[in-house]
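S.K.: The listed protein sequences correspond, in order, to chains A and B.
Its first residue numbered 0, the first sequence is counted upward by one per residue in numbering that gives the first Met the number 0.
Its first residue numbered 0, the second sequence is counted upward by one per residue in numbering that gives the first Met the number 0.
The hints are simulated quantities; they were obtained by calculation from the structure and are not laboratory data.
Source: prediction; values computed, not measured.
No residue lacks a Cβ here, since even glycine has one placed at the ideal position from N, Cα and C.
Check the hints yourself; a few may be wrong.
Heads up, simulated DSS-like pairs for lysine-lysine below, C-alpha to C-alpha not over 30 Å straight-line [as the list claims (entries may be wrong)]:
#1 B:LYS108 to A:LYS74
#2 B:LYS410 to A:LYS8
#3 B:LYS108 to B:LYS15
#4 A:LYS8 to B:LYS90
#5 B:LYS410 to B:LYS444
#6 B:LYS90 to A:LYS74
#7 B:LYS90 to B:LYS410
Facing chain A, a subset of chain B residues (Cβ under 7 Å, in silico) [claimed, not checked]:
#8 LYS285
#9 ASP334
#10 LEU372
#11 ARG379
#12 CYS391
#13 ARG461
#14 GLN470
Using C-beta positions, here's what the derived DEER-type ranges look like [stated by the list, open to error]:
#15 B:ALA50 to A:ILE78: 18 to 24 Å
#16 B:LYS16 to A:ASP56: 17 to 23 Å
#17 B:ALA477 to A:THR3: 53 to 59 Å
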Amino acid sequence: MSLTLNDVKRVARLARIAVGDAEAATWQQQINGIFDLIAQMQAVDTAGVSPMAHAQDLQQRLRNDIVTETDQHEKFQAIAPQVAAGLYLVPQVIE
Amino acid sequence: MINAGLTELAALLAQKKISSAELTRTYLDRIAALNPALNAFITVDAELSLAEAEAADARIATGDAGALTGIPIAHKDIFCADGWRTTCGSKMLENFIAPYDAHVVRQFKNAGMVSLGKTNMDEFAMGSSNETSYFGAVKNPWDRAAVPGGSSGGSAAAVAARLAPAATGTDTGGSIRQPAALTGITGLKPTYGVVSRYGMIAFASSLDQAGPMAKSAQDCALLMNVMAGFDERDSTSLERPVEDYTRDLQQPLAGLKIGLPREYFAEGLSDDVARAVEAALHEYRKLGAQTVEIALPNTQLSIPVYYVLAPAEASANLARFDGVRYGYRAPEYRDLNDMYEQTRSHGFGAEVKRRIMVGTYVLSHGYYDAYYLQAQKIRRLIAQDFTEAFTCCDVIMGPTTPGTAFGFGEKAADPIAMYLSDIYTIAVNLAGLPGMSVPCGMDAKGRPVGLQLIGNYFSEARLLGIAHRYQQATDWHARMPSDLVAK
Numbered sequence: 000m001s002l003t004l005n006d007v008k009r010v011a012r013l014a015r016i017a018v019g020d021a022e023a024a025t026w027q028q029q030i031n032g033i034f035d036l037i038a039q040m041q042a043v044d045t046a047g048v049s050p051m052a053h054a055q056d057l058q059q060r061l062r063n064d065i066v067t068e069t070d071q072h073e074k075f076q077a078i079a080p081q082v083a084a085g086l087y088l089v090p091q092v093i094e
Numbered sequence: 000m001i002n003a004g005l006t007e008l009a010a011l012l013a014q015k016k017i018s019s020a021e022l023t024r025t026y027l028d029r030i031a032a033l034n035p036a037l038n039a040f041i042t043v044d045a046e047l048s049l050a051e052a053e054a055a056d057a058r059i060a061t062g063d064a065g066a067l068t069g070i071p072i073a074h075k076d077i078f079c080a081d082g083w084r085t086t087c088g089s090k091m092l093e094n095f096i097a098p099y100d101a102h103v104v105r106q107f108k109n110a111g112m113v114s115l116g117k118t119n120m121d122e123f124a125m126g127s128s129n130e131t132s133y134f135g136a137v138k139n140p141w142d143r144a145a146v147p148g149g150s151s152g153g154s155a156a157a158v159a160a161r162l163a164p165a166a167t168g169t170d171t172g173g174s175i176r177q178p179a180a181l182t183g184i185t186g187l188k189p190t191y192g193v194v195s196r197y198g199m200i201a202f203a204s205s206l207d208q209a210g211p212m213a214k215s216a217q218d219c220a221l222l223m224n225v226m227a228g229f230d231e232r233d234s235t236s237l238e239r240p241v242e243d244y245t246r247d248l249q250q251p252l253a254g255l256k257i258g259l260p261r262e263y264f265a266e267g268l269s270d271d272v273a274r275a276v277e278a279a280l281h282e283y284r285k286l287g288a289q290t291v292e293i294a295l296p297n298t299q300l301s302i303p304v305y306y307v308l309a310p311a312e313a314s315a316n317l318a319r320f321d322g323v324r325y326g327y328r329a330p331e332y333r334d335l336n337d338m339y340e341q342t343r344s345h346g347f348g349a350e351v352k353r354r355i356m357v358g359t360y361v362l363s364h365g366y367y368d369a370y371y372l373q374a375q376k377i378r379r380l381i382a383q384d385f386t387e388a389f390t391c392c393d394v395i396m397g398p399t400t401p402g403t404a405f406g407f408g409e410k411a412a413d414p415i416a417m418y419l420s421d422i423y424t425i426a427v428n429l430a431g432l433p434g435m436s437v438p439c440g441m442d443a444k445g446r447p448v449g450l451q452l453i454g455n456y457f458s459e460a461r462l463l464g465i466a467h468r469y470q471q472a473t474d475w476h477a478r479m480p481s482d483l484v485a486k
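All chains should be modelled from the sequences, with the hints used to inform the complete structure.
M.R.: Shown next as structure tokens:
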């Protein structure tokens, strides 16, 4: 299978990455090259094989529902692009 | 002094023949002199380092020192370090000052080790040559026209050029072992879950693992004693008893069964690498080991599987870089959505965007079963290959990489050629096994060759011992580029 130019632009939109026409064409070629490599997988018979997410069979650890973090919002917001009154500023979304 | 191992440096500090401040200054001076040519460090802060050194000297003076107190270490710029700029090799984090310590960084601080700075790396650890770094490629200390490997290329070059006695690295598909091989140093990727990922900027969370990079296996063992251990802040950190990773260093090799995967000695392996690896195996036989041929039949599939799983996980992990809470925000945008798109378009480099695109696609509606699920199933087959192999051998050995350090630009234009150079290392991450690279020779142009050692789960101490015995019998690990000695 191969991705069309429209597929590339749709995926870029999903990934929230702006892309121009020329760049999309380059990506199309490169990404299709990667999918040619990935296509090797399709020939493998995996019937009855269970998917492996992690090397170790882990149980999700649980902890008591108590507050363990201290309030550091000033320290963390000091590195934000735009902050006012303890809030992160973004372009207006609701008219 | 710059060739001294960590044990020797610790002895000099304990006997007060040198102070941590003096030792730290020695390395800072070397960095100042040599880093402009090598570009191994992104951030150096002499003031911060010397303050840590003085604190270490105070601990030594009061008898409160541990085994490594006062010894400097460089950190890959993927680890958050409180008060240090932490860029992950990206424009996206060019001005990001980490507000907290990664677990690994904190462990080394608690041990009294002195942070020498943050080392260069491929952007978000995506690359095998260091050429994707926003801060420019690192040069290989053995050949300035060649890459140091990646993604932990800055850490590898720093240790190889003796700009640091030791460094941290991370390995998602070979990012500790491959640069270690290409720069002639020793590196260990531990079993998945042994070292906490807390504060380590995430790439592919089911594969990422931190490990030590140093001049010898013995040094790596000492560093593992500090790095490893349970941390409740990493949900995949394993609760296991504390280990002494130096415990098997002196264990003899008589009767050791080394498995040689025939797929690792097949087409694509360069003659120089094959010769050096053969010579290393000959040395192991002299030390009493036996070799047996084994099969890892799904080796070829590890690359396609990796290039589904790693981009898929990366596309989710890198969604957090949206220009809102930290990092880069594009200067101009029309609305919120455009702000996200412009920020990510300008903040990420080409390779990172390529992988986010691949990952977004394979996780998108209608393709999950064909790509992600199929890749996870083949991942199990790859892991089973190793389980099968370890029924007839104690350790697996082979080349770390098919060739030695390649030239700048040689593979940069062709992502596939770059991906294929990780053929021997990726399967180890997919299976979650520990793996090492140990220097074992030079190619015709004087560039290092790495021998890869792969062990069963939790066999790090044994692997380090197997590497150490080889390093007792050979001197490849002790060599450094001759033109860097006197400087």
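S.K.: Indicate, hint by hint, whether the structure satisfies it.
M.R.: Hint by hint, here is what the structure shows:
no.	hint	verdict
1	B:LYS108 to A:LYS74	21 Å, holds
2	B:LYS410 to A:LYS8	26 Å, holds
3	B:LYS108 to B:LYS15	21 Å, holds
4	A:LYS8 to B:LYS90	23 Å, holds
5	B:LYS410 to B:LYS444	19 Å, holds
6	B:LYS90 to A:LYS74	22 Å, holds
7	B:LYS90 to B:LYS410	22 Å, holds
8	LYS285	34 Å, violated
9	ASP334	5 Å, holds
10	LEU372	6 Å, holds
11	ARG379	4 Å, holds
12	CYS391	21 Å, violated
13	ARG461	18 Å, violated
14	GLN470	28 Å, violated
15	B:ALA50 to A:ILE78: 18 to 24 Å	22 Å, holds
16	B:LYS16 to A:ASP56: 17 to 23 Å	50 Å, violated
17	B:ALA477 to A:THR3: 53 to 59 Å	56 Å, holds
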